[in-house]
Amino acid sequence: MPLEKAHALVLRTSAFRETSCVVTLWTREFGKVRALAKGGRRLRSRFQSALDVLHLCDIVLIRKTSAQLDLLTEAHLVDRFNVLRQSLQAYYAACFILEILCACAQENDPHPQWFDTTIRTLRQLQPPHLLRTLLSWEIIALRELGMHPMLDQCVQCKKLLEVSSSSQPITWNALAGGVLCARCAMARSGQRTLQPELWHAWRCIAKQQDFEFPEATCQHLIDLLHDYWSHRLEQPLRLASYLSTAS
Amino acid sequence: MHMKNMTKSASDPIWTQGGLLGRVWEHLNRWPGIGPKSAERLLFYLLAADSSEVIDFAQALVELKQRIHPCRQCHHWTEDELCSICSDPKRDSSLLCVVEQPRDVIALERAGVYRGYYHVLGGRLAPLEGIGPEKLTVDSLLRRVQQGQVREVILATNPTFEGDGTALYLSSLLAPLGVKITRLARGLPSGSSLEFANSAMLADALEGRRAL
Ligand SMILES: [Zn+2]
Ligand SMILES: [Zn+2]
Numbered sequence: 029m030p031l032e033k034a035h036a037l038v039l040r041t042s043a044f045r046e047t048s049c050v051v052t053l054w055t056r057e058f059g060k061v062r063a064l065a066k067g068g069r070r071l072r073s074r075f076q077s078a079l080d081v082l083h084l085c086d087i088v089l090i091r092k093t094s095a096q097l098d099l100l101t102e103a104h105l106v107d108r109f110n111v112l113r114q115s116l117q118a119y120y121a122a123c124f125i126l127e128i129l130c131a132c133a134q135e136n137d138p139h140p141q142w143f144d145t146t147i148r149t150l151r152q153l154q155p156p157h158l159l160r161t162l163l164s165w166e167i168i169a170l171r172e173l174g175m176h177p178m179l180d181q182c183v184q185c186k187k188l189l190e191v192s193s194s195s196q197p198i199t200w201n202a203l204a205g206g207v208l209c210a211r212c213a214m215a216r217s218g219q220r221t222l223q224p225e226l227w228h229a230w231r232c233i234a235k236q237q238d239f240e241f242p243e244a245t246c247q248h249l250i251d252l253l254h255d256y257w258s259h260r261l262e263q264p265l266r267l268a269s270y271l272s273t274a275s
Numbered sequence: 029m030h031m032k033n034m035t036k037s038a039s040d041p042i043w044t045q046g047g048l049l050g051r052v053w054e055h056l057n058r059w060p061g062i063g064p065k066s067a068e069r070l071l072f073y074l075l076a077a078d079s080s081e082v083i084d085f086a087q088a089l090v091e092l093k094q095r096i097h098p099c100r101q102c103h104h105w106t107e108d109e110l111c112s113i114c115s116d117p118k119r120d121s122s123l124l125c126v127v128e129q130p131r132d133v134i135a136l137e138r139a140g141v142y143r144g145y146y147h148v149l150g151g152r153l154a155p156l157e158g159i160g161p162e163k164l165t166v167d168s169l170l171r172r173v174q175q176g177q178v179r180e181v182i183l184a185t186n187p188t189f190e191g192d193g194t195a196l197y198l199s200s201l202l203a204p205l206g207v208k209i210t211r212l213a214r215g216l217p218s219g220s221s222l223e224f225a226n227s228a229m230l231a232d233a234l235e236g237r238r239a240l
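Those protein sequence lines, which keep their order, are chains A and B. Just so we're on the same page, the numbering used here is the position in the first sequence counted from 1, plus 28. Just so we're on the same page, the numbering used here is the position in the second sequence counted from 1, plus 28.
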């Protein structure tokens, strides 16, 4: 059985027998991993206090065949992201990231760049730019998962979107996965209008342009994105309501 | 470790065929920390034991479920309306220590240094599992603090991600009430050495340092 080293973010832990635990990890190298940590719940175990939710660890594990749990042999804590423990909103934002990772991370599907972005984001989640930081993360996550909506062209006929005036609302359809041109919008139901400033803000963040937005724009965009996530994941997100009221 | 071993195995063909022996064995096998072999050992112990002892134990179990309930004030287990701690007038009513579970009260009492009162939340917030404040005794905590005797609330939820989140949430509710809010210090366990402490323990210990 090969020993493997990895960088891992702890997504979940559950008790197993009296003193052990099963940990769900998101690793930079292998994607999602479920592993048994023998004695992992003992205060003085060799894992010390490394195995808690949203701890970044350097780990060593023995990979098993697909039907079996991997075996965690070492875990050294690298970062526990103390900024998340200083503001309730940062805490909820981190819980949201955790919820997306739990829902989307797959075994044998590593995303090293997204992993690095996530670690950076967890270190930076603090007021006053908390929502903006979270938005950037969400847009990168959608891209990595191949779920980012079409913003520049009609999702149906692929025609380039013409935004002539800044007051003209844009038709948005979360189910279709993007914006619609006027003609296609007539033929579909289930759309809502997207205010141009939200559309601009989303594109700006997606293009990683440095641009200041009013807090209210960020909050509306957060709500819009969470609605979009729940359409794409086909399940309501538990943390969405925390983030729309926590601000 | 195979997946099917994840849940506690209850399959022992000798005992799972029903009958009274099997029924008692299955109950014992469900207890935390008791495996199939230990359940068997306990079953034979009960069979061999003095019958008055076993009957007394059985009656105590029945009474345990009938008479023990949460304390009206702090939600710790008690037979009376108020638990022995809440009904002790010699305690310091300006201190209130908030814990997740009744077991935490026992642990703190065993340490023998705290002389204030307690409040048992009945768990911790876990937004991802849908455990919100409405499932805990948060309302009753706020009412107690609003009564005005409490000067300091010690948030003694576990030093975990969820315990810390619960403490953050509670402090956001308690701050407007004008009480002092503290969190248990964390860091190095007594009797350990710096050499073997991980970086998080050392960081916590430095952050929580105090003057001598
Ligand atoms: Zn179109
Ligand atoms: Zn009480």
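Don't read these hints as lab results, they were simulated from the structure. Where hints are given, some of them may not hold.
The calculated lysine-lysine pairs, modelled on DSS-like cross-linking and capped at a C-alpha distance of 30 Å, are [unchecked claim]:
(1) B:LYS118 <-> B:LYS65
(2) A:LYS33 <-> A:LYS92
(3) B:LYS65 <-> A:LYS66
(4) A:LYS92 <-> A:LYS60
(5) B:LYS65 <-> A:LYS92
Do the alpha carbons of LYS118 of chain B and LYS65 of chain B lie within 30 Å of each other, as the hint requires? Roughly 47 Å separates the two Cα atoms, so the pair is violated.
Proposed proximity, LYS92 of chain A with LYS33 of chain A (alpha carbon, max 30 Å): Since the Cα atoms of LYS33 of chain A and LYS92 of chain A sit roughly 14 Å apart, the hinted pair holds (cutoff 30 Å).
Given the hint that LYS92 of chain A pairs with LYS60 of chain A, test it: the Cα-Cα distance must not exceed 30 Å. holds (14 Å)
Is the Cα-Cα distance between LYS65 of chain B and LYS66 of chain A 30 Å or less? holds (21 Å)
Holds or violated: LYS65 of chain B with LYS92 of chain A, Cα cutoff 30 Å? holds (29 Å)
Checked against the numbered hints above, the structure violates only hint 1.
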